[in-house]
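Asks: Sequence:
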Amino acid sequence: MAARIARRALLKGGVAGVGVAAAAGLERLRPLVYAQTTPAAPIRIGFLADITGTVAQSGRDMLDGFQLYLAERGSVMAGRQVQLIVEDAGGVPANALTKARKMVEQDQVHMLTAPLLASEGYAVRDYIVERNVPTLFAVSSADDLTQRKRAPNLVRTGWSSSQPSHPFGEWVATTLKYKKVATIGSDYAFGYEVVGGFQRTFELHGGEIVQKLWAPLGTPDFSPYVTQIR
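Numbering of the sequence shown is given in UniProt numbering, commencing with residue 1 and proceeding in unit increments.
It is worth saying that the hints were derived from the structure and are not from the lab. Check before you lean on any hint, since a few could be wrong.
[What the hints assert, rightly or not] BS3-like cross-link-like pairs, simulated, lysine-lysine; straight-line CA separation at most 27 Å:
#1 Lys212 / Lys179
#2 Lys212 / Lys180
#3 Lys177 / Lys212
With the hints as constraints, model all of the structure from the sequences given.
Replies: What follows is the structure, given as structure tokens:
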């Protein structure tokens with residue numbers, strides 16, 4: 001029960017943050033929006049979701065939250081009606097780029113909300129920066145979207161992949177006093193950055209990563225990887 005309540009509170013807070021950031025982004029970018037549409041026309045927001053595939057449940061939760069936010073406000077942002085255009089990337093980076101292109105070039109959206117996975121965020125980054133499309137990253141946690149590859153039209157309301165594991169690496173080294181550690185991570189951008197954050201602070205405090213194992217996204221049974229630890 002407590003876990004469900006905590007999750008509900010987190011989702012509620014996240015949705016509110018997305019909505020506030022989207023509205024703020026539209027206000028900040030109002031000249032760009034008005035340059036592309038007539039005053040009477042709706043603002044078109046492209047929602048790049050993952051509503052099928054390995055992370056489908058999380059993708060549907062994201063979409064439900066955004067649709068709820070719009071419904072509670074009569075589908076109005078910055079005094080304009082909002083038209084939400086949804087495309088499913090299915091958790092596949094190549095699909096994310098294809099769908100982003102479709103929404104920008106065919107649907108002529110004025111802004112995008114980015115996909116769920118870090119690898120999808122990296123897949124669409126160069127294109128949306130080249131096209132100067134205001135894009136909101138609410139969940140995709142790819143580190144470099146707001147570090148080495150940051151851009152003025154990219155807004156992050158969430159977190160970055162390596163953030164939680166930086167303090168964890170320090171804690172394992174200084175509190176648990178572990179000297180050697182093996183890691184198991186998801187075999188895509190998010191997993192690499194989570195492990196990378198841990199490794200950085202663990203090694204800074206004298207630890208050593210002796211083995212790294214990578215499991216495909218969606219792996220249901222990690223016992224084959226655990227048995228490889230030496």
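Asks: Taking the earlier hints as the rules, which of them does this structure contradict?
Replies: none
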